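A.B. asks: Here's the letter readout for the chains.
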Amino acid sequence: MDEQQTLDLGTVVILGTMGMIILAMGVVVFFFIYQRRMIAKQNELTMLELQHQKELMGAVIQTKELEQRRIALELHDDVGSTLTAIKFSVSSFTIDHKDKELLNNNLADAIQKVRRISNDLLPSILEELGLVTAVKSLIKTLSDNRALTYVFEAYGDQVRHPKDVELACYRVLQELLNNILKYAHATNVRVEITTSLEGLHVAVVDDGDGFTPIDHIDRERPSLGLKNIESRIQQIKGDITYEKRLPKGTKVLIDWKRHERD
Amino acid sequence: MIYLADISTYSILLPSGMVFFRWKRVDIPVTIIRILVLFTLVLDAFSEYYISELYISETQKNNMFLFHIFTLLEGILLILYFRTFFQQKWVRNILLTLLLAFSTLTIISLKIWEPIDSYPSITKSVECLMIMILSILFFVNLFQQSTVSNLIQYNHFWLASGLLLFFAGTFFMNIVGQLVLQKNNLGFNVYDIHSFLNIFLNIIYTIALWMSSRRLISAQ
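Chains as they are written, first to last, in the numbering used here: chain A, 636 to 897; chain B, 164 to 383.
The shape of chain A in the complex, shown without the other chains:
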């Protein structure tokens, strides 16, 4: 009897222990699998959120371009035409010759400014003649600023790429050149564009203070210009890299490959 009780006790201990161990292992495995599923779901949500953000940004850029186009056309067609008409009718005004000349000069100045603003908003030359010609024209305009010396080189086949790609590259170049003018304290800027059937390669090199986007991460106000650049390049599925040059300056490289987009 005593032996029987002893064996029963032994069985209880073994079974109880095995049961508890299996239960504990079940708990650990359950938590492990559950956590992995949670992380996977979180990652999926994050990816969806990122995708949504990208799409939103794309929509914003597109809307902005459409609005700029509308304003550019109205400026050119409405305001520009009106100013031109006024300029032509000045000759019939019965005012002093000096005042007439002054009025003509101011009107000519206003017409010039309207054309420039209209062109900045909608570079028609980009649509008609392509990126290389548009950039050449842009640099020619910027060269009026004697503080900076611009050099532009174009290499490769004279190939046209999709309109949105050329527009994105043009806008990014505008932003980069604007930033160099405002912040870099540079004296020389070199722009190179290489086009081929496979894609597009743009390089902007300056001899300024040197810059990379990481320098701006900790600032309270995030750089909208940089975000704009990143978004535009992402939209066309291109790549952009920033390098600090030695002894000073920055090199920005933009790469777009046709097959990656397709």
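Please keep in mind that the hints were generated in silico from the structure rather than gathered at the bench. Computed from a prediction, not measured in an experiment: that's the story for all the values here. Even glycine gets a Cβ: it sits at the ideal position worked out from N, Cα and C. Just to be clear, a hint being listed does not mean it is correct.
Derived CB-CB ranges, DEER-like [unchecked claim]:
| # | chain 1 | residue 1 | chain 2 | residue 2 | range |
| --- | --- | --- | --- | --- | --- |
| 1 | A | PHE667 | B | LYS252 | 21 to 31 Å |
| 2 | B | SER220 | A | PHE667 | 29 to 39 Å |
| 3 | B | GLU221 | A | GLY651 | 57 to 67 Å |
| 4 | B | ARG188 | A | GLN703 | 55 to 65 Å |
| 5 | A | GLN688 | B | PHE306 | 24 to 34 Å |
| 6 | B | ILE257 | A | TYR669 | 22 to 32 Å |
| 7 | A | TYR669 | B | SER220 | 50 to 60 Å |
| 8 | B | ARG188 | A | PHE667 | 54 to 64 Å |
Non-contacting residues of chain B with respect to chain A, defined by C-beta distances greater than 12 Å in every case (computed) [unchecked claim]:
| # | residue |
| --- | --- |
| 9 | LEU177 |
| 10 | ARG185 |
| 11 | LYS187 |
| 12 | PRO192 |
| 13 | PHE209 |
| 14 | LEU217 |
| 15 | SER220 |
| 16 | GLU221 |
| 17 | PHE230 |
| 18 | ILE239 |
| 19 | LYS252 |
| 20 | LEU261 |
| 21 | ALA264 |
| 22 | CYS291 |
Covered by chain B, per the in silico footprint, the following chain A stretches (three or more residues, Cβ under 8 Å) [claimed, not checked]:
| # | stretch |
| --- | --- |
| 23 | 655 to 669 |
| 24 | 672 to 680 |
On the provided structure of chain A, position chain B as indicated by the hints.
C.D. replies: The following block gives chain B in isolation, referenced to the frame of chain A:
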């Protein structure tokens, strides 16, 4: 099997070796585990010395008092260990209260129910239950915080799992501990279960301490 008991005793050398071999500044939870490991080493070493011929005693030797001390300090250190993972003040206060309650229970049990030369069934069983619950709460808290992406590389996941398995496995054994000591013909040595689980726990301590010394950037 005598071998398993000996291996179980000496297996504490593994995590102890890891403590000294990878001596680096670590966070508070790992420091507590280090203290626990070193304390276990000292106690085991003293226990071996006590039951050996080197220690001369006029009365019959009974090293169960060391087990009482070990149970109390192990319980306190593990409560403190799990307490470091909870940020809410009320939870931390409850755990502090639990620590005091456990200590009080151990002392009362010693005085009234379980003399110092007997197996501390009540204290050990309460400790087992307590650590099992704390381990589960640790997992729940881990998921709520969602700061760890890869559990395999997270040393505290290994520790909590190891502690849960060890205390779950020894729970039944501790409930019937004193009874088992009296009955020595169960067809097997019940303490082989404890020995096996003890070796397993020391391996887990070793792995967790080794992982603590590496930079776990991806784990968190």
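A.B. asks: Looking at the structure, which of the earlier hints fail to hold?
C.D. replies: The structure breaks hints 2, 3, 8, 22; every other hint is satisfied.
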